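The hints should help you fit chain B with the ligands onto chain A, whose structure is shown.
Residue numbers (the working numbering), protein chains in the order written: chain A, 1 to 427; chain B, 1 to 305.
Some hints could be false.
Below 30 Å or equal to it, Euclidean Cα-Cα: the simulated DSS-like pairs (lysine-lysine) are [to be verified]:
(1) A:K138 <-> A:K152
(2) A:K305 <-> B:K146
(3) A:K138 <-> A:K58
(4) A:K58 <-> A:K152
(5) A:K123 <-> A:K180
(6) B:K152 <-> A:K305
Hints in this document: simulated from the structure, not taken from any laboratory. All values reported here derive from a predicted model rather than from experimental measurement.
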Amino acid sequence: MNVRSKSMTREIVEAGLAKRRRKDRVFRTLGLLSTAVGLVFLITFFATLASQGASAFKQTHIILNIELSRELLAPDGPFDIDYADFDAVVRQALRRELGDVNGRRDRREMNRLLSIGAAYQVKDTIAKNPDLLGSTLKMLLPVSADVDMLLKGNIDRDLEQSQRPLSDRQIEWVDRLIEKDRLVSRFNSALFSNGDSREPELSGIRGALMGSVYMLLITILIAFPVGVATAIYLEEFAPRNFWADLVEVNINNLAAVPSIVFGLLGLAVFINWIGVPRSSSLVGGLVLALITLPVIIIASRAAIKAVPPSIREAATGLGASRMQVVAHHVLPLALPGMLTGAIIGMSRALGESAPLLMIGMVAFIVDVPAGFTDPATALPVQIYLWADSPERAFAERTAAAIIVLLGFLLLMNLAAVIMRRRVERQW
Amino acid sequence: MKSIDNDGTGAVPSGIDLQPRSVVGVEVPREAAAGAPVQLTELSGRTVGDVKAQDAYVVAEDVNVRYGSNHAIRDITLEIGRNEVVALIGPSGCGKSTFLRCLNRMNDSIESAIVTGRITLGGQDIYSRELDPVALRARVGMVFQKPNPFPKSIYDNVAYGPRIHGLAADRSELDHIVHTSLDRAGLLKEVRDRFDDPGTSLSGGQQQRLCIARTIAVNPEVILMDEPCSALDPIATARIEDLIDELSKNYAIVIVTHSMQQAARVSQRVAYFHLGMLIEVDETNRVFTNPQHKLTEDYITGRIG
Ligand SMILES: Nc1ncnc2c1ncn2[C@@H]1O[C@H](COP(=O)(O)OP(=O)(O)OP(=O)(O)O)[C@@H](O)[C@H]1O
Ligand SMILES: [Mg+2]
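With the rest of the complex left out, here is chain A (with noise of 0.2 Å):
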């Protein structure tokens, strides 16, 4: 009887085992896919982001040998560097280039190739070193936007003249400086240590970028403390009752709270009624710290409640305090769970947009923020804002602001992953 059992449950087991091996293939392969489609989509986006942005890293410059005349400077006697005209000897230059501008309207066609950094930037130099003062130098000057897409190609040269941005004789004059070897194509600096412009060729991210670092720091030196305390709280010390777990719910709630909500809020207590100043990194940070919050207390708690209570038990069997309970074992072994909270809850931060706009941080701001209390912009609103520009130059400029801040992501990422390492290698 016995013997004729075992065989049998052999003889079962052996029947399924096909099906269930069937089973196990079925869905290693489903896995499979879905990661191949996961990896297909993330590549598509990329290479998107990657064609449509790469362009913007490049930036075409003209090179001309600028005049510093003392006739156009300072026509009337002495040089005064606020009132002297530096368009005029830039233009100077380009026109002898030329050669052939006659006339008003040809002349304020060549002005249109020039984008109007070009003076901005004779002018720097000149105030650096007021000696170049009746040299010629040879200057390498930005070209407007509709030049630099003319040679990045995004200029449909057989189209109808009205329907494009440059006239044939424009092109015409393009072509003539690529031609003398006159246009070359540089590092786009200006993406990099500009704030925000309406000329494309002029505009950068780096206001926004400060903007957004600044707003960060101010998120995570508040809802970090502050969520790991809470969590600390409400796990260790907090009694269990009727109020812990209303408490608990409506952490839960807050986490899932559309984020433009904390913007109302951060319009409604912090701006109106203390009186941070609006648009500021500061009242930014303080509204991402509370969109953060929910979700570093929520991770935090996890990581606490996952600590072994054995480890509890024996440290509160020697005499630990409950402080030193948690600060001796608790905290150190939480402390990996909760970084994980913070990247997830930083990185939602930092791409935060809606909230934003309700607190004024959508303006179109030139400077590049020097401190917390300053106007500023983030990078995903500067994205939003250039999307919406009709220049073409700012398509790719779009693009290139999201490569930047995907690589900020990944930098933030980076290092919170490495300072977790560090805290989990220490025992």
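Relative to the frame of chain A, chain B with the ligands by itself:
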């Protein structure tokens, strides 16, 4: 030596209330462990044998613990002598751990647990407001069923207790404490040149000895051991039993064990628990050779549990 039989004809030790509680008989059958059905008369709520110790140091009187509505232990009265090993035996779930955890107030951290009665340590009420549980636990050490070293180095494991209580004035004194504690726990030879290795890298038996070293590093007065050998092989068990023998010269030891042989080997007295009640306490030899209570007899002969 006084003994109390079922009918209560024997003298009740003075000062100890052993009156049966009305609830006792009602709840028992429902919770009865596997084995022979329990007769109500068998559980009169009186402890058979002698709860008194010769040189009593830990005295528990009428200790009751409730976890919410679960009345885990009832009216436990037991004394533990100064240099004595008392073994707590009994079927699973009878409240041995619960009683043990009363002695160093580990039940404080269980929110649903309510402890009533009186427990004194050297005459001092350990549940009084004046006594900080932190100070109590420095005097009453505990070794747990599962080895639970901290995820720190071997050295830091042993040094932790002395550090938090400030027992060592300087590093050399701490080194000395760590060395002697490991030595007394019989672990020093094995870990002499790996003090910096994590405590969790040791084998199960070594880990348990590390936990014992950690406990005696604080130099407590009483050591509580909750099935310290349940996860160990016979060789490691033998070493720990030797260690208990050795330690009993200086400490009062209360050990919970499921092994009759172990109880017989290491303890001077045995306390038999059943369904939250202390059924019989007596000298180890007496309990194992001539148990007074039917339940004790059933248990040690293998008919219960
Ligand atoms: N933390 C707790 N919360 C609620 N009830 C508990 C708790 N700990 C123990 N109990 C209950 O108290 C009773 C006694 O448990 P205890 O752990 O003291 O038994 P034990 O004699 O140590 O058993 P074992 O030999 O299996 O370890 C059991 O009914 C158990 O369910
Ligand atoms: Mg137990």
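Okay, the hints, checked on the actual structure:
Between K138 (chain A) and K152 (chain A) the alpha-carbon distance is near 24 Å, which keeps this suggested pair within the 30 Å criterion. For the hint pairing K305 (chain A) with K146 (chain B), the CA-to-CA distance comes to about 19 Å; that is within 30 Å, so the pair holds. For the proposed pair K138 (chain A) and K58 (chain A), the alpha carbon gap of about 21 Å is at most 30 Å, so the pair holds. Distance hint between K58 (chain A) and K152 (chain A) is fulfilled; the C-alpha atoms sit about 9 Å from each other, no more than 30 Å.
Between K123 (chain A) and K180 (chain A) the alpha-carbon distance is near 26 Å, which keeps this suggested pair within the 30 Å criterion. For the proposed pair K152 (chain B) and K305 (chain A), the alpha carbon gap of about 20 Å is at most 30 Å, so the pair holds.
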